[in-house]
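Participant: Residue numbers (our numbering), protein chains in the order written: chain A, 2 to 233; chain B, 2 to 233; chain C, 2 to 233; chain D, 2 to 233.
It is possible that part of the hints are untrue.
Identical chains share a label here; the pair holds if one copy fits it or two copies do between them.
[As the list claims (entries may be wrong)] SDA-like cross-link-like pairs, simulated, lysine to any residue; straight-line CA separation at most 20 Å:
hint : residue 1 : residue 2
1    : K218      : G140
2    : K218      : V148
3    : K20       : Y50
4    : K223      : E143
5    : K20       : D49
6    : K20       : E186
No wet-lab data here; the hints were simulated from the structure.
Okay, here's what each chain looks like letter by letter:
Protein chains: 4
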Amino acid sequence: MSHQSIKEECLQANLELPKTGLVDLTFGNVSVADPKARVFAIKPSGVDYDKLRADDMVVLDYDGQVVEGELRPSSDTPTHRCLYRRFEGIRSVVHTHSRSAVAFAQAGRDLPCLGTTHCDYFHGAIPCTRTMTPEEVGGEYEWETAVVIAEAFESRGIDPLNVPAVLVRNHGPFAWGPSAAKAVETALALEIVADMAIKTLSIQPAADPAPQHLLDKHFFRKHGPGAYYGQS
Amino acid sequence: MSHQSIKEECLQANLELPKTGLVDLTFGNVSVADPKARVFAIKPSGVDYDKLRADDMVVLDYDGQVVEGELRPSSDTPTHRCLYRRFEGIRSVVHTHSRSAVAFAQAGRDLPCLGTTHCDYFHGAIPCTRTMTPEEVGGEYEWETAVVIAEAFESRGIDPLNVPAVLVRNHGPFAWGPSAAKAVETALALEIVADMAIKTLSIQPAADPAPQHLLDKHFFRKHGPGAYYGQS
Amino acid sequence: MSHQSIKEECLQANLELPKTGLVDLTFGNVSVADPKARVFAIKPSGVDYDKLRADDMVVLDYDGQVVEGELRPSSDTPTHRCLYRRFEGIRSVVHTHSRSAVAFAQAGRDLPCLGTTHCDYFHGAIPCTRTMTPEEVGGEYEWETAVVIAEAFESRGIDPLNVPAVLVRNHGPFAWGPSAAKAVETALALEIVADMAIKTLSIQPAADPAPQHLLDKHFFRKHGPGAYYGQS
Amino acid sequence: MSHQSIKEECLQANLELPKTGLVDLTFGNVSVADPKARVFAIKPSGVDYDKLRADDMVVLDYDGQVVEGELRPSSDTPTHRCLYRRFEGIRSVVHTHSRSAVAFAQAGRDLPCLGTTHCDYFHGAIPCTRTMTPEEVGGEYEWETAVVIAEAFESRGIDPLNVPAVLVRNHGPFAWGPSAAKAVETALALEIVADMAIKTLSIQPAADPAPQHLLDKHFFRKHGPGAYYGQS
Numbered sequence: 002m003s004h005q006s007i008k009e010e011c012l013q014a015n016l017e018l019p020k021t022g023l024v025d026l027t028f029g030n031v032s033v034a035d036p037k038a039r040v041f042a043i044k045p046s047g048v049d050y051d052k053l054r055a056d057d058m059v060v061l062d063y064d065g066q067v068v069e070g071e072l073r074p075s076s077d078t079p080t081h082r083c084l085y086r087r088f089e090g091i092r093s094v095v096h097t098h099s100r101s102a103v104a105f106a107q108a109g110r111d112l113p114c115l116g117t118t119h120c121d122y123f124h125g126a127i128p129c130t131r132t133m134t135p136e137e138v139g140g141e142y143e144w145e146t147a148v149v150i151a152e153a154f155e156s157r158g159i160d161p162l163n164v165p166a167v168l169v170r171n172h173g174p175f176a177w178g179p180s181a182a183k184a185v186e187t188a189l190a191l192e193i194v195a196d197m198a199i200k201t202l203s204i205q206p207a208a209d210p211a212p213q214h215l216l217d218k219h220f221f222r223k224h225g226p227g228a229y230y231g232q233s
Numbered sequence: 002m003s004h005q006s007i008k009e010e011c012l013q014a015n016l017e018l019p020k021t022g023l024v025d026l027t028f029g030n031v032s033v034a035d036p037k038a039r040v041f042a043i044k045p046s047g048v049d050y051d052k053l054r055a056d057d058m059v060v061l062d063y064d065g066q067v068v069e070g071e072l073r074p075s076s077d078t079p080t081h082r083c084l085y086r087r088f089e090g091i092r093s094v095v096h097t098h099s100r101s102a103v104a105f106a107q108a109g110r111d112l113p114c115l116g117t118t119h120c121d122y123f124h125g126a127i128p129c130t131r132t133m134t135p136e137e138v139g140g141e142y143e144w145e146t147a148v149v150i151a152e153a154f155e156s157r158g159i160d161p162l163n164v165p166a167v168l169v170r171n172h173g174p175f176a177w178g179p180s181a182a183k184a185v186e187t188a189l190a191l192e193i194v195a196d197m198a199i200k201t202l203s204i205q206p207a208a209d210p211a212p213q214h215l216l217d218k219h220f221f222r223k224h225g226p227g228a229y230y231g232q233s
Numbered sequence: 002m003s004h005q006s007i008k009e010e011c012l013q014a015n016l017e018l019p020k021t022g023l024v025d026l027t028f029g030n031v032s033v034a035d036p037k038a039r040v041f042a043i044k045p046s047g048v049d050y051d052k053l054r055a056d057d058m059v060v061l062d063y064d065g066q067v068v069e070g071e072l073r074p075s076s077d078t079p080t081h082r083c084l085y086r087r088f089e090g091i092r093s094v095v096h097t098h099s100r101s102a103v104a105f106a107q108a109g110r111d112l113p114c115l116g117t118t119h120c121d122y123f124h125g126a127i128p129c130t131r132t133m134t135p136e137e138v139g140g141e142y143e144w145e146t147a148v149v150i151a152e153a154f155e156s157r158g159i160d161p162l163n164v165p166a167v168l169v170r171n172h173g174p175f176a177w178g179p180s181a182a183k184a185v186e187t188a189l190a191l192e193i194v195a196d197m198a199i200k201t202l203s204i205q206p207a208a209d210p211a212p213q214h215l216l217d218k219h220f221f222r223k224h225g226p227g228a229y230y231g232q233s
Numbered sequence: 002m003s004h005q006s007i008k009e010e011c012l013q014a015n016l017e018l019p020k021t022g023l024v025d026l027t028f029g030n031v032s033v034a035d036p037k038a039r040v041f042a043i044k045p046s047g048v049d050y051d052k053l054r055a056d057d058m059v060v061l062d063y064d065g066q067v068v069e070g071e072l073r074p075s076s077d078t079p080t081h082r083c084l085y086r087r088f089e090g091i092r093s094v095v096h097t098h099s100r101s102a103v104a105f106a107q108a109g110r111d112l113p114c115l116g117t118t119h120c121d122y123f124h125g126a127i128p129c130t131r132t133m134t135p136e137e138v139g140g141e142y143e144w145e146t147a148v149v150i151a152e153a154f155e156s157r158g159i160d161p162l163n164v165p166a167v168l169v170r171n172h173g174p175f176a177w178g179p180s181a182a183k184a185v186e187t188a189l190a191l192e193i194v195a196d197m198a199i200k201t202l203s204i205q206p207a208a209d210p211a212p213q214h215l216l217d218k219h220f221f222r223k224h225g226p227g228a229y230y231g232q233s
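Next up, chain A with everything else stripped away, as it sits in the complex:
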């Protein structure tokens, strides 16, 4: 039972996820890593949320070997594993098919930063990945999904700690953070700003992004050494 702590954190976040309204049917999963031990816990595949227990969580190492657990891990496990390897500093990954974020993924559009709600969580637009090739889809599909995610951040010079979410084209969102609770909160914030953006674009298709000085102000009001939000 050496990894009980991340299994518990993983269970709680997977149970929290449907309560946020982000998850229809069973379209969602959360994983939680212990980066020093290079392992992570993830939800088993296709199990109903109301039956999940901490010991159902599957623990794998960063090479993909199961370390603890009897069940088959989520089919999206290789995506999570690759993200932990590529994005240093993240401790939890959340995947949903939340509807408004999916709309941008299906439209093949970045989610633009249109206002301060977005700025409070993401320092700029949420990138949408390129279409995956037949080779990528036909090969190690779930692993390649994360490779394409990492490519979107690297090719555009986006820091995944400042923009902690992505839209996988024709698929849906992934979000991440320093804890499962924060990653779930970020996935929820993503859906909220996607919903706001759809409404905004419906009344103003050419809406401009928030100006850079407003984006910087709001993001750094809450993040980094100059933050002055909250009680800490």
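Based on these hints, arrange chains B, C and D on the given structure of chain A.
Facilitator: Below, chains B, C and D alone, put in the same frame as chain A:
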């Protein structure tokens, strides 16, 4: 009481239906067949959901004769009966007026496959039927509805087991499956992907369908001999 | 206590209204008439729903005199009174500001009949009234509102018993029926089909109305001597 | 405990706010002033709603000095303080990121007065402020936000008591009123009419505002010496 099992399954699914949010007022019904016995159970017409009991379900044979039950069956009964005769391998049919699916039916548009949420349930676009003629509507209307549904699948070469739903033009959706629970789940998945599609088209009216290789990957990841989703 | 029955029916319907989701804040009211006695009961003005009692209902005669009740009746009372005088055969009137129906009223558009959900309740488009003149608004405004409603039906030859709802331009919907429960159900059906129509028009701005033969079939399947829906 | 009354009123309104559906995550705050004493109570920054107590409210004077309370006040405090100084006659200010109102703020559009639901609360369009300059954002940002709000009202000759809300560009709404309950109700009415406006514009992008005579009628039916709505 020879058909108690399908009456119970039918009752449970009819009670489940309003909880999914798919049904406004009393716009919905589920039937469950016993294909070997060539009979099916269906909800009675215009009875409030909170008063339904298993013995209120009406059992008919595939020729339309009532085998068990005192109440008048749903006015849509001939549509269900015809579908059981035409689509071999289905065991339950669900009809709703769920709002986003109805929007596509009213728009006279196929519901395009825009992303993996759709691919996970349906191997391609959900067809919208042609307009029914005055003769079809003036004749055995509910039966003819299913004839037009079957025509949509046959004329386009779509396998109803791989695309287990349809949009009846200016009317609404029907979905089906190997059990009532699965047919209800499919009706819910249909509404979810219709909602996602409306949102997608609002921000990108010319959104492309998901590429064929992504569609194949996701559908066959969950269906058929190569499936690797879930615990089985 | 000679009008206790319509006061009770009126109270129950006014309490039911917020549960339908049709009413935001206190934007809604129901009245119930006793056409033989030429009186009707209506909600008092600006009283919270959770404090309403049957004896708070105000009973007025068709000439506008208060017959029973201590409170000031709803400011919309003259609209209800005029409708009872103009539309023979109705026993209850419901007014809401339900959001999707309001959208058509604000757009100055009739709500087109796009599918069978609409056909099941309304034999054709729901008319939107013309803009009221400064004289009408500056005079007996609430009474004139009903005069303009009646004009919309008479000038277009629409039978208010076959199309039991209207959209008052730049204002919102009124619905009516043979009982308060049926009038509330009709107000709910109106909002549902308005929501479906908004979604339909968003993906197909030129969507055609349902064909006349389909409209006739569905409406008369449920209404009139040839009806075959339900258990009666 | 000299300001217990406004702290209690402030707490109750902050607890009411999430129940209205106006607030996602912790995006919202309410303050309540005692204009004679020139002080106001406001929510502390970044504290979960379910842990708030009256003594957590922070009381500041109109010069920005904390008079009571241990916690750091909301980061939006200078906006509230400036509004109390500029808009004589208001006693409570509410800030939310309610989604439909945010859409207009992000679109940089005034919220037009399209119907009587709007007229009942606001005597004309809700103004959207101009974009704040880098100097304003880089300086006393939250204070300057209110300066830009006041400019929108003064430059257009709008009376903030007759139009008790504003949309801050690329940010979101503020609403105010004579009490916290009324300010929260106004914030809710704002979101409702924004939602109705989005739906209206989706089916009629060129929808005309409600005519002036209708606007005057509905606003003054509920406000000012000629009001005849409610029981008083």
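Participant: Which earlier hints can't be squared with this structure?
Facilitator: none
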